[in-house]
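Trainee: Per numbering that gives the first Met the number 0: the sequence shown ends with 73, consecutive numbering throughout.
It cannot be assumed that every hint is accurate.
The list that follows gives simulated cross-link-like pairs (lysine-lysine, DSSO-like), each with its CA atoms no further than 30 Å apart [said to hold, decoys possible]:
1) Lys22 / Lys58
2) Lys9 / Lys22
3) Lys9 / Lys58
4) Lys58 / Lys2
5) Lys49 / Lys9
6) Lys49 / Lys22
Hints are computed from structural coordinates only; laboratory data are not their basis.
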Amino acid sequence: MSKDLETYVKCLDGAIIAFHSLKMERINIILQELWSTVYDGNDIETIRIKSEPMEKSLKCEIDVVQDKKFWHQF
Numbered sequence: 000m001s002k003d004l005e006t007y008v009k010c011l012d013g014a015i016i017a018f019h020s021l022k023m024e025r026i027n028i029i030l031q032e033l034w035s036t037v038y039d040g041n042d043i044e045t046i047r048i049k050s051e052p053m054e055k056s057l058k059c060e061i062d063v064v065q066d067k068k069f070w071h072q073f
């Protein structure tokens with residue numbers, strides 16, 4: 000692969016990951032707002048989606064927050 004093409008691929012990958020991270024932040028804000036509206040209990044403060052970039056894929060998890068601590072559930 001040419002050096003220019005390698006540079007392009009790395010930049011594109013970085014841009015996609017950055018875009019995805021911004022969108023996940025927004026989704027988690029909305030999810031927190033919805034959670035506080037629909038959940039009546041007091042044992043779970045909120046839930047969030049956590050995603051970590053991996054080589055050519057993303058690892059996604061759902062976290063539950065109890066007493067300001069994140070507990071991985073799913």
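Trainee: Checking each numbered hint in turn, tell me which of them this model violates, lowest number first.
Mentor: none
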